[in-house]
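Enquirer: For the sequence shown, the working numbering gives the first residue as 12, with consecutive numbering after it.
You may find that some hints are simply not true.
Unchecked claim - Restricting the straight-line Cα-Cα distance to at most 25 Å, the calculated cross-link-like pairs of lysine-lysine (DSS-like) are:
1) K89 <-> K113
2) K73 <-> K113
3) K73 <-> K89
4) K107 <-> K120
Keep in mind the hints are simulated off the structure, nothing from the lab. Treat the numbers as computed from the prediction; the structure is a model and nothing was measured.
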Amino acid sequence: MLQNHAGLLKSVLGRKRNRTARRTIIGILVSVILECVNVPPAIAHAEKSFPADVAAFFHDAKMCQYLAGEWDSSLPRKRKNELSAEMNEACSNIYKRQEYFKRQYIRNKTIMRKLNSYEFS
Numbered sequence: 012m013l014q015n016h017a018g019l020l021k022s023v024l025g026r027k028r029n030r031t032a033r034r035t036i037i038g039i040l041v042s043v044i045l046e047c048v049n050v051p052p053a054i055a056h057a058e059k060s061f062p063a064d065v066a067a068f069f070h071d072a073k074m075c076q077y078l079a080g081e082w083d084s085s086l087p088r089k090r091k092n093e094l095s096a097e098m099n100e101a102c103s104n105i106y107k108r109q110e111y112f113k114r115q116y117i118r119n120k121t122i123m124r125k126l127n128s129y130e131f132s
C-alpha cells in the first residue's frame, strides 16, 4: 500500500506542476502522517519545555485518565485495591492542581490548551 502511495507521489511531484500544487500535496501528506502518529507538532515540541511542576501535573493527569479507564466493578478485590491506591497517589487533588495551574499560566496558550484538554470532576 505504501508503495502505491510513493509511486503516486513520485508521478505527481515529478510532473511539471506549479509550486502551489506541489506544496499542497506535500502539506496534505505531512498532515496525514502526523495525524497517523497522533502527535500535534506544536504541543509535542512544547511539552519538552514545560516547567517541571506542569510536566509533573500532566504526567499525573495522564495516569488518572489511564487508571480511570482500567476501573471495572467486575475486577477482583485485590486489583480494585491496587487501582484505588494508585489513583489516590496520582489523582489526589488533581482538579485543584489543574485550577491552580490554569490561574498561574493563564497567559501561556500552549499550557492552557493542554490544561483544558483534561476534564476532572
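Enquirer: Does each hint hold? Answer for all of them.
Expert: Checked hints:
1. A hinted pair counts as satisfied when its Cα atoms are at most 25 Å apart, and K89 with K113 does not qualify at roughly 36 Å.
2. Between the alpha carbons of K73 and K113 the distance comes to roughly 17 Å, so the proposed pair stays at or under 25 Å and holds.
3. Straight-line distance between C-alpha atoms of K73 and K89 comes to about 23 Å, which keeps the hinted pair within the 25 Å bound.
4. Distance hint between K107 and K120 is fulfilled; the C-alpha atoms sit about 20 Å from each other, no more than 25 Å.
In summary, the structure is inconsistent with hint 1 from the numbered list given earlier, while agreeing with all the others.
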